[in-house]
Amino acid sequence: MDKILRINMSAAGGPTQSTEKAGEFAALGGRATTSTIVGNEVPPDCHPLSADNKLVIAPGMLSGTAAAISGRISVGCKSPLTGGIKESNAGGQAAQVLARLGYAAVIIEGIPEGDDLYKIHINKDRVEISVDNSNKLLDNYPLIEKLQKEYGDKVAYMSIGSAGERLMASASIACTDPELRPTRHCGRGGVGAVMGSKKIKVIILDDAGCKNRPPQDAERFKTANRAFVEGIRKHPVSGEGLPAYGTNVLTNVLNEAGGYPTNNFKTGQFEGGTKISGESLAELEISRGGKATHGCHRGCVIQCSGIYNDKDGKYLTKQPEYETVWSHGGHCGISDLDTIATLDYWDDNVGVDTIEMGVAIGVAMDGGLLEFGDGVGAINLLRDEVAKGTPLGRILGGGAGMTGKAFGVTRVPVVKNQALPAYDPRTVQGIGVTYATSTQGADHTAGYAVATNILKVGGDVDPLKPEGQIELSRNLQIATTAIDSTGLCLFIAFPILDQPETFQSMLDLLGGFYGIEMTGDDVAALGQKVLTLERKFNKDAGFGPEDDRLPSFFQTEKLPPHNLTFGVTDEELDQLYNWD
Amino acid sequence: MAEKQSLRVVAPLEQLSAFFLLLQQGVWLQAQIGCSVASLLTEQFNIEEKYIVERITTMFLDFKPIDDLETTYVKDGSTLALSSAMPGLVGTTMRRGSHLAAMRGEISYQNQQQVVSGAGRIKIKLFNMVMTELGARFLAHGVCLTNGELDTLLSEMDDSFWQSIEFASVDDQQVDYTSLVNRVRTGITDEEILLKVEFTS
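Order-wise, the sequence lines are chains A and B. If you're matching positions, the first sequence starts at 1 in my numbering and goes up one per residue. If you're matching positions, the second sequence starts at 1001 in my numbering and goes up one per residue.
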């Protein structure tokens, strides 16, 4: 990854391209790369859909190597949903292919004049930017099917559906999986709308003739990779629970804990939870000839995804994630897996974030548009309104915050205008701290790297002291930011939490590849540096302490069954970034 | 008080999945209450301590995550949910003795009160790997279902289940599927029956 591709869509006479040396970014990746470039090059006060915003795409530090589970790709920009800095990452094949092509980043600048729609084809010999208006308003599934006739099935695609072209603030960028299905999405924050604003429909990544990136110390790297894989496979979460049931294995546990937000955050338990649990989902998938175990990219050894077939045994969608099952399920009072899977298909096809869209529909239900539990109505909203770009569809596609305003709803679960994920912060107070203070808006993955005890970021915390919640969230966010830069899937957090030798093998992977010695302190320092940069961008974009808050109903409405409110004070929240 | 009717079913182990939804929703079991969770699991349900330590790493008693099994006591009518290790920040937070336990704040099981000992019953919920590994054991122990719940269970079972079962009886009298359904549907909806399922490998 020794070069950066810069594409200027505003250039007179049509888009231009240039290649520059990667410099400091040659040994960076993922979120560290996207946030550094956005922080350095994008005016924080620009309109996210203007020519001043930039779309930055970066594979992780270990992408394109033989390292297991290293296929996360990051997309960064100023978010049209939050108005702050955004890094949104996904699995799929794109990271591996882009890294093998040698690019540390692709930076897309400007906006072309006129209404033409472009595609970008990148292979080892050239970059071709061309007009293809035949793709206009095609959604992701038919688009990829069409493109395969031209570019074949040995490439990776990054595309937007009609939601991205219509500049909806919940629009995603789809990345194809090994079967070339557009199922893995950089979902959060409206990155698809930024791609749409630049009139780019699809990026075709072709690494024919390219090889894996070679490590500096091949033997050390190989040994570390073997130990890393072994550690992932032997751990009960990454080696058993996730492969068997996927992330939706969490539904029963969250429901039992009373932390499963139901009917737009009115209660913490959903009566229909067991019907849509990961256990029930896996049984159904297997009984219909689908798969309960499937990788989102080649080289994944966890395989937490799956294939969901319809009643006739035909492919309907990939296995919906826990957050999707929740947003379209319990949040909307829907307990039918076929309905949820159909909504997941439409999310992927139209190209919208499943969390934002599900929460928006639930908020609209609270506003009286539909009854909670109306699965047919929910599908109609997505298929007939959002997918067709009707005024109602554009409101829903604008996200939960916009939907709440349109329907006069006071209980709108957003932070920095981004919808809360599937964990109620009144039950799990610590995650509320992360929702409130993350630079990204409400995001469960912003503080996900649970191995803070091993990373030793910020020292050890006494788990029995509630006041440790701020410190825990801070440490989690620092650690996660660093992991987000490696290209490794966040699910490695569980084996590295419990197995010190697996954590060491991760450091050895990085060290063996780059020929350096890495310690936990280095990982933590990287995370803190990136967070500082993101925080500065948001400050310059106009964010202040008042934006690091949960919606007030979390402090005033008690959540059954525990009947708790969110108890962390504003003063405590303001202590999170204690280093800037 | 009249003895409950007893439904005994002998089925091949591959049919365990027919009970997965029921096991997730929870089944009532007769037990000696007033003991610790550790005692309940090891002494009454014969689950090895090693298995509990290594596999049942997440537990909830009455919707509250448990950390110490020795000092947490079950009372009559309690609900005990058993799960293996979970992914995610919150999944990790819910683990027994998690170093992130502070993040769950007030919902952790605390403040033990004296509980009455004696015969009673508890609801057991089984999730994920624990469900597949312990489901047969709890079903063999015997679970209490109302006629209404049994009717729902029978309705959700497909034909292959009844074609594969080796034996079924109510109070030692052999029954077929049709007569069992008739018996359940003509019974009082809230009346309970003790279901015991023996799985053959």
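Bear in mind the hints are in silico, worked out from the structure with no lab data behind them. Don't take every hint at face value.
If you anchor each label on the Cβ, the simulated ranges turn out as follows [to be verified]: (1) B:Gln-1174 with A:Val-376: 55 to 63 Å; (2) A:Lys-146 with B:Tyr-1177: 34 to 42 Å; (3) B:Glu-1054 with A:Thr-556: 57 to 65 Å; (4) B:Val-1115 with A:Pro-560: 40 to 48 Å; (5) B:Glu-1070 with A:Lys-314: 34 to 42 Å; (6) A:Glu-271 with B:Gln-1032: 55 to 63 Å; (7) B:Thr-1152 with A:Pro-560: 35 to 43 Å; (8) B:Phe-1045 with A:Glu-271: 25 to 33 Å; (9) B:Gly-1118 with A:Met-518: 53 to 61 Å.
Okay, derived cross-link-like pairs now, DSBU-like style, lysine-lysine, Cα gap no bigger than 35 Å in a straight line [what the hints assert, rightly or not]: (10) B:Lys-1050 with A:Lys-558; (11) A:Lys-266 with B:Lys-1196; (12) B:Lys-1064 with A:Lys-266; (13) A:Lys-234 with A:Lys-222; (14) B:Lys-1075 with A:Lys-291.
In this text the structure is predicted, and so the values were computed from the model without any measurement. Cβ coordinates follow ideal geometry from the N, Cα and C atoms, glycine included.
The hints, checked one at a time:
no.	hint	result
1	B:Gln-1174 with A:Val-376: 55 to 63 Å	violated (45 Å)
2	A:Lys-146 with B:Tyr-1177: 34 to 42 Å	violated (51 Å)
3	B:Glu-1054 with A:Thr-556: 57 to 65 Å	violated (43 Å)
4	B:Val-1115 with A:Pro-560: 40 to 48 Å	violated (24 Å)
5	B:Glu-1070 with A:Lys-314: 34 to 42 Å	violated (52 Å)
6	A:Glu-271 with B:Gln-1032: 55 to 63 Å	violated (30 Å)
7	B:Thr-1152 with A:Pro-560: 35 to 43 Å	violated (25 Å)
8	B:Phe-1045 with A:Glu-271: 25 to 33 Å	holds (27 Å)
9	B:Gly-1118 with A:Met-518: 53 to 61 Å	holds (59 Å)
10	B:Lys-1050 with A:Lys-558	violated (39 Å)
11	A:Lys-266 with B:Lys-1196	violated (38 Å)
12	B:Lys-1064 with A:Lys-266	holds (19 Å)
13	A:Lys-234 with A:Lys-222	holds (18 Å)
14	B:Lys-1075 with A:Lys-291	violated (41 Å)
The structure shown violates the earlier hints numbered 1, 2, 3, 4, 5, 6, 7, 10, 11 and 14.
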